Structures are given as C-alpha cells and as structure tokens.
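**Student:** Listed below are the residues making up each chain.
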Amino acid sequence: MSMLNEIIHQPVRMRIMAALVALDASGQVEFTHLRDVLSLTDGNLGAHLRKLEDAGYVSLEKTFVARKPRTFVAATKEGYQAFADHVEALEQILSGAEVEEKHKA
Amino acid sequence: MEISREEAIQSLQEIREVRSRIRTSIATGSTPFHMILWGAIWFFGYLASHFLDAETSGQIWTVLAIGGSIASGVMGYRLGSRYRLPGSHRIWQIWIFFMLYVVLWIWVAWPLEMEQISMLIALYAMFAYVLMGLWLERIITWIGLLVSGLGLIGYFLLPDVYYLWMAFLGGGTMFGSGIYILKRWK
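In order, the protein sequence lines correspond to chains R and Y. Taking the working numbering, I'd label the letters of the first sequence as residues 176 to 280. Taking the working numbering, I'd label the letters of the second sequence as residues 444 to 629.
No lab work stands behind these hints: they were computed from the structure. It should be emphasised that the depicted structure is a prediction, and the values quoted were computed from it without experimental measurement. Fair warning: there could be bad hints in the mix.
[Claimed, not checked] Listed next, the stretches of chain R that the computed footprint assigns to chain Y, with coverage defined by at least 3 CB atoms under 8 Å from CB atoms of chain Y: (1) 181–189; (2) 192–198; (3) 208–217; (4) 264–271.
Built from N, CA and C at the ideal position, the CB exists for glycine as well.
Make the full structure from the sequences, and use the hints.
**Tutor:** This is how it looks when you write it as structure tokens:
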C-alpha cells in the first residue's frame, strides 16, 4: 500500500510535480513559464523547487538560450516514482472510503 | 500522515487540472500567435488586392509574406523554447515540407489566376490547420474547416468581392480565433 508523501503533498509542490510529470520522461520546462502556468511568484516557485531538489525529486539546469540565461526544470526518476506513489495513495484513500461507505450502507 | 476523502478528491482534481493546463500549453505552443499574425497579414494583403492594382498589391503581398515568415520563425523559436521535449522539432519539419510542397503544387498547376493562387494557398494553409488540430487540439481543426468553407463561399459565389470577403472573413476569422484561443487557454 502506497503512503502519502509529505514533501509532495504541500499544495504548491504537488502542483509543481503534477506539471513536471505531465512533461513525460526527459522533458524540461523553463522556470519562468512554469511560474506563469502555475500562477506563482519567482520567490515562491524558487523556494519550493529548492525543497524538491533537496529531496532529489527535481533537477535544475541553468543554460543560455540566445545569450540569455535560462533555467530549465525537470522531474527526476525518483520524482516520477514518488509522485506516482503519492497519486496512488490518494486514490487508495478514495477507494478505501468508498468501501467503508458500502459497508455502512 | 492522514487526510480526509474530500482532501484526497481535491488533490486529485488539482493534479488533473495542472496536467491538462501543461499539456494544452505544450500542444498549442505558439499557434494562437501565428493565427493572429497571419490573420492580420491576410486582412491587409486582401484589402490591398481589392483596392489596389495587381502590381502594387503583388509587391505588398511579397513584403507581407516575407515579413510574416520571418516573424513566424522568430516567434516559433522563442515560444517553442519554453519546453525541451523529445520530438518537438517534428512540427517545424512538417511546416517546412508543407510549404515546399505548396510551391511545387502551384508550379505544376501554373499558369493560374491571382484568385486561384490565393484560394489554393488559403486552402493548403487551412488543410495544415485541420491536420494539426486532429493531432493537437480539436478547435484548430474547426477553425481550419470554417475558414476553408468561408473562403470557398467567397471564391465560388461572390467573385466580385472575393478579396474583400477574404480580408474580413478569412483574415478576420484567423485573427479573432487566435485571440479567442489565447484567452481560452490562458
């Protein structure tokens, strides 16, 4: 049985992970675009990305595109797995609650 | 760590919503911006064809087409580089080959009237939108079919005001659709 992941369950981090996992394997998104899609501020996104990076769930790559510095973010293999486990745990809560309700009925 | 059933439902809904937003953003990329740009180009180009002589309007079309192609390339590069995804270069390759084949088809069919050339190019471009929409987002297909239909009505039924018709209904529909998609997908 999968367990809820406390690092990922925080609402902003969960949305960040959902966005990164939607890119599929080896996909990366630019920091500023991720910030816009999730309606976050630079500071807020940066702080949560650091937490996720410390946990080994995301990787950041600083690069230059047309001579301008840009940061690309991606989920790591561990991140994909941790997020999949977290979603499974959420689904189990739902199916468990449904079974309980059926028993009560 | 324990959460309620309601919290779990809300979390899963948020995850689905974020995934869908990201996938739409990837799928559509710079499409609405291209629609706005080319809608405006069609509008001014067809207005020139209606009101000015063939030589002047031909020069205006040449400038608009070259400027539009450069602007499209820059826009596609800048907006497309927000994501790094395996296989994302394929859409560019499709458009390049598509444009090459448009030139070949017109070459083979030459000589053609100006109205025929403009209708063929419009139909080829909308055919690409129809196919792209089937692959990416269905609304792009509907826009492609709508502009094709409007263009054909103007070409066959309203030859006297064909260019004016294309300026407002072809260019206008493209421009308006681009704005609509941009707002809807924001």
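**Student:** Using a Cβ cutoff of 8 Å, are there at least 3 residues of the segment 192–198 of chain R near chain Y, or does the coverage claim fail?
**Tutor:** holds (count 5)
**Student:** For the segment 181–189 of chain R, count the residues whose Cβ lies under 8 Å from any Cβ of chain Y; is that count three or more?
**Tutor:** That given contact holds, which follows from 4 residues of the segment 181–189 of chain R lying within Cβ reach (below 8 Å) of chain Y.
**Student:** Check, residue by residue, whether the segment 264–271 of chain R contains three or more positions whose beta-carbon lies closer than 8 Å to a beta-carbon of chain Y, and give the verdict.
**Tutor:** Since three or more residues must qualify, the claim that chain Y covers the segment 264–271 of chain R holds, with 4 doing so at under 8 Å.
**Student:** So is the segment 208–217 of chain R in contact with chain Y by the C-beta rule, three or more residues under 8 Å, or is the coverage claim wrong?
**Tutor:** holds (count 3)
Checked against the numbered hints given earlier, this structure breaks none of them.
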